[in-house]
Structures are given as structure tokens and as C-alpha cells.
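Heads up: the sequence shown begins at 57 in the numbering used here, then just goes up one per residue.
I should point out that these hints are in silico values taken from the structure, not numbers from a laboratory.
For every residue, glycine included, the Cβ atom is placed at its ideal position computed from N, Cα and C.
Hints are supplied without guarantee of correctness; some may be wrong.
Stated by the list, open to error - Ranges of calculated distance between the beta carbons of each label pair, as one might list FRET restraints:
| no. | residue 1 | residue 2 | range |
| --- | --- | --- | --- |
| 1 | 117 | 92 | 22 to 32 Å |
| 2 | 82 | 125 | 31 to 41 Å |
| 3 | 107 | 127 | 34 to 44 Å |
| 4 | 85 | 123 | 29 to 39 Å |
| 5 | 127 | 84 | 10 to 20 Å |
| 6 | 118 | 86 | 10 to 20 Å |
| 7 | 111 | 61 | 16 to 26 Å |
| 8 | 122 | 67 | 17 to 27 Å |
| 9 | 84 | 122 | 30 to 40 Å |
| 10 | 127 | 83 | 16 to 26 Å |
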Amino acid sequence: MIRAVASNATDTAYCTLLAHSALHGAMAGYTGFVAGPINGRFCYIPLEEVARTQQLVDLNDHTWAWVKSVNNQPDFASGEENG
57 MIRAVASNAT DTAYCTLLAH SALHGAMAGY TGFVAGPING RFCYIPLEEV ARTQQLVDLN
117 DHTWAWVKSV NNQPDFASGE ENG
């Protein structure tokens with residue numbers, strides 16, 4: 057996860073859960089997976105499932121503008137330094 061601001065306690069807890077899940081999967085001998093939450097439970101998700109569909113972000117969408125402003129991300133599409 058790349059962010060423009062320091063992580064908070066929620067980020068730290070979430071990343072710890074992801075790391076522990078990934079480590080447990082690797083130590084169990086699983087390969088080709090990513091650990092992630094599905095319906096509130098951490099699961100091993102095959103990489104084929106993750107890569108099967110492509111999701112596109114509408115750069116003109118209000119939600120994307122909100123994400124950029126909350127994370128203090130510049131608008132790389134317009135060439136501006138600060139968005």
C-alpha cells in the first residue's frame with residue numbers, strides 16, 4: 057500500500073492481519089495465492105481469480121476525486137504537481 061500520509065492504527069492492524077495470513081499460507085505450503093478478506097473472513101485467494109477480471113477506474117468519477125483528496129494525491133493525468 058502506497059500512501060501520501062503516515063499509517064494509522066487501523067492501517068497497521070489490517071496490514072498485520074494480511075501479513076499473518078500470507079505467512080500462514082506460505083508455511084502451509086501454498087503458492088500462487090494472495091491473502092485477503094472475503095465476507096469478513098481472511099482467505100487464500102488464487103492469483104488466477106485475482107487476475108481473471110479487470111476493474112477500471114473512471115478518472116472523472118466523484119469517488120475517485122474523493123480518494124485523491126483524502127490521500128492528498130496529485131492529479132498525474134493533468135501533469136499538475138498538486139491535485
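Hints versus structure:
Restraint check, residue 117 to residue 92: a C-beta distance of roughly 23 Å satisfies the suggested window 22 to 32 Å. In this structure, residue 82 and residue 125 meet the distance hint of 31 to 41 Å, their C-beta atoms being roughly 37 Å apart. Separated by about 25 Å at the C-beta atoms, residue 107 and residue 127 break the suggested range of 34 to 44 Å. Restraint check, residue 85 to residue 123: a C-beta distance of roughly 37 Å satisfies the suggested window 29 to 39 Å.
A C-beta distance of roughly 34 Å is found between residue 127 and residue 84, which places it outside the suggested range of 10 to 20 Å. For residue 118 paired with residue 86, a C-beta distance near 39 Å fails the hint of 10 to 20 Å. The beta-carbon spacing between residue 111 and residue 61, approximately 24 Å, falls within the hinted interval of 16 to 26 Å. The hinted range of 17 to 27 Å is satisfied by residue 122 and residue 67, whose Cβ atoms lie roughly 18 Å apart.
Against the hinted window of 30 to 40 Å, the Cβ-Cβ separation of residue 84 and residue 122 comes to about 39 Å, which satisfies the hint. Take residue 127 and residue 83: their Cβ atoms lie about 33 Å apart, and the range 16 to 26 Å is violated.
Hint violations for this structure: numbers 3, 5, 6 and 10, all remaining hints satisfied.
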